[in-house]
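Numbering (the working numbering), first residue to last: 447 to 728.
What the hints contain is simulated information worked out from the structure, not anything from laboratory work. Fair warning: there could be bad hints in the mix.
[Said to hold, decoys possible] The list that follows gives simulated cross-link-like pairs (lysine-lysine, PhoX-like), each with its CA atoms no further than 20 Å apart:
1) K576 with K564
2) K509 with K636
3) K540 with K605
4) K675 with K651
5) K686 with K651
6) K636 with K507
7) K500 with K540
8) K514 with K524
9) K565 with K576
10) K483 with K495
11) K689 with K675
12) K636 with K500
13) K651 with K689
14) K558 with K591
15) K470 with K460
16) K651 with K696
17) K514 with K526
18) K686 with K696
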Amino acid sequence: MSENTIICPNCSTKINLDEIAKHKYNEELQKNEEKLKKDFEKREEEIKKEMWIKALDAAEKKKELETKDLTIQLEEFKKKQEESIKNELELRKKTRELEERAKNIELENTRKLDVERKKLEESMNESQKKKEEEMLRKIQEDQWKLLAEKDKQMEILRKSLEEAQRKANQWSQQIQWEIQENELKDILQKNFPLDLIEDVPTGIKWADLIHTVRNHHWHSVWVILWESKNTKTWSGDWIKKLKDDRVIAKADVCVIVSNTMPDWVKHFWLVNEVWVTEFAYF
447 MSENTIICPN CSTKINLDEI AKHKYNEELQ KNEEKLKKDF EKREEEIKKE MWIKALDAAE
507 KKKELETKDL TIQLEEFKKK QEESIKNELE LRKKTRELEE RAKNIELENT RKLDVERKKL
567 EESMNESQKK KEEEMLRKIQ EDQWKLLAEK DKQMEILRKS LEEAQRKANQ WSQQIQWEIQ
627 ENELKDILQK NFPLDLIEDV PTGIKWADLI HTVRNHHWHS VWVILWESKN TKTWSGDWIK
687 KLKDDRVIAK ADVCVIVSNT MPDWVKHFWL VNEVWVTEFA YF
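Construct the complete structure from the given sequences, taking the supplied hints into account.
This is how it looks when you write it as structure tokens:
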């Protein structure tokens, strides 16, 4: 095959046109490859930025919905608390009225009894005396019945008041626990916007949140199980129960955030493979 060449008219040098064309083609190919690489890297950064913005927007919307839901719960709790206080005040009012009425009845019966005694003292007739004694006995029986009825009503009112107070306390504790759990969830979402913070699924009894740690490629690399406690005393059973949930959830780490701590723990510590920390310190 003959080569595609020309002779330089000035220096008589043989010039291979195929080599020149091939060199130029390779230069153009390299330029195109570099441009495509830069365009691809630029587009990749744009996609990452769009995904980041969407993730932040979704987290913000979710936070707004949870805040609105929490506000509604607080309003409902406030209404029920006011109703509970109103009922308690009404029960106390009825109790005072019943006590006042019982005192008046007792005073009236005492007066009647004094009158009857005076009549008995003034009467010398034995037959009349017996009748008056019978009347006095009847008055005393009536008084005892009234007192017994008063005690019965007082006991009913006392039990009603205790039940109302118990329900109010239960509702208050439930709201406080939900507020702390939502606050914990909000803190985690603010500090770890790339991670997935979810409520525990059915089957997990004690833990409250599942925290899936993700890298910048949105791949899951770690799972943390969180439990929020808002009680007056610490219980050692929490550790075992949360570790049981860890097996079900296939979590890597367990954390208890509590208002109360073991006596020998200050702020935070690893207790039997479970991290324990104060809510205020957290």
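- [ ] Assess, step by step, whether the Cα of K576 is no farther than 20 Å from the Cα of K564, and give holds or violated.
- [x] Status holds; Cα separation ~14 Å.
- [ ] Below or equal to 20 Å on CA atoms is what counts here, so check K540 against K605.
- [x] Given that 20 Å is the threshold and the Cα spacing comes to 13 Å, the pair holds.
TODO: For the pair supplied as a hint, K651 and K696, confirm whether the alpha-carbon distance does not exceed 20 Å.
DONE: holds (14 Å)
Task: Restraint check for K689 with K675, where alpha carbons must lie at most 20 Å apart - done: holds (15 Å)
- [ ] Would you check the hint for K514 and K524, treating anything up to 20 Å between C-alpha atoms as holding?
- [x] holds (15 Å)
TODO: For the pair we were handed, K483 and K495, check the Cα-Cα distance against 20 Å.
DONE: holds (18 Å)
- [ ] Below or equal to 20 Å on CA atoms is what counts here, so check K686 against K651.
- [x] holds (12 Å)
Open item on the list: Given the hinted pair K636 and K500, is their Cα-Cα distance within 20 Å?
Closed with: Answer holds: K636 to K500 is near 15 Å, not above 20 Å.
Open item on the list: For a C-alpha distance cap of 20 Å, please report whether K686 and K696 respect it.
Closed with: Satisfied, since the Cα-Cα distance of roughly 15 Å is no more than 20 Å.
- [ ] Mind checking the alpha carbons of K651 and K689 for me, to see if they're no more than 20 Å apart?
- [x] holds (11 Å)
Open item on the list: For K565 and K576, compute the direct alpha-carbon distance and say whether it is at most 20 Å.
Closed with: Holds, at roughly 12 Å.
- [ ] Compare the distance between the alpha carbons of K514 and K526 with 20 Å, and conclude whether the hinted pair is satisfied.
- [x] Status holds; Cα separation ~19 Å.
Checked against the numbered hints listed earlier, the structure breaks hint 7 alone; every other hint is satisfied.
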